[in-house]
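The working numbering numbers the first residue of the sequence shown as 43 and each following residue consecutively.
Hints are computed from structural coordinates only; laboratory data are not their basis.
Note that the coordinates shown come from a computational prediction; the quantities given were computed from them, not determined experimentally.
With a straight-line cut-off of 20 Å between C-alpha atoms, the simulated EDC-like cross-links for lysine to aspartate or glutamate are: (1) K161 with E140; (2) K275 with D211; (3) K134 with D177; (4) K246 with E268; (5) K161 with D179.
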Amino acid sequence: MLSYARNMSGTLSHRRWAFTLVELLTVLAIVAVLTAALIPAVGKVLQSARRSQAGENMRQIAIAYATYSGESGTPRTLNATSIYDWALTLAKSGGLNEATLFYNGDDPLVSANSESRPKTIAYSDGAGAWTINPDFDGFPLSVSVVSGLASGADPSTTPVAWSRGLLSDGTWAGPSAASPSAWNGEGGHVAYLDGHVVWYRDLKGEDGNGVLVNYVTKRPTANILEAINSGAKVLSSTDAP
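Could you put the whole structure together from the sequences, leaning on the hints where they help?
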């Protein structure tokens, strides 16, 4: 930066201004402090956005299930032997063929998988025959779903899908578990038959009695198995073969 001034003879001269080392170090220190403060905030915003997207994905799964269940005009139950067959049924009859709805990038099992992430659940030959996508079949999925839900289940209180890794005490398994939760034990989503989705830190609730409704007694429970009818089965990609 140049600054002009008159010297003793009255002629113009210029002198050069520059940052001192102390000033430069001060500026760098301020930038470092601001960066350190902003990075965690940005990280939380991005994480919140990813969780919201995962919740929306699960809502679409619940809606597809409702479409399948009521398509014939008479409520019907989706029975499957694996989560992949369950998803295949929705691809054929529920209008849901997006594989990306079943997994999220924050899932430790997904991020650790070196295989390409599938985009479709199944392929149709156009004549009514469907074949499951081999890239989808066996890929780690971030949700657990229910097979054999009773057709008369209460839509507002009966869960149909939730974040993988949910334990019977209402908490999600931590990252060190053999089968970690989809969100590293920090919580998870639960999608209900009517399509609404809720993020829970755990299912115990503030009073510890549980945020779910027991299918039989209608009392609060934290055990999601008690919120579905007997005979229903939970399916997950981490089920033993």
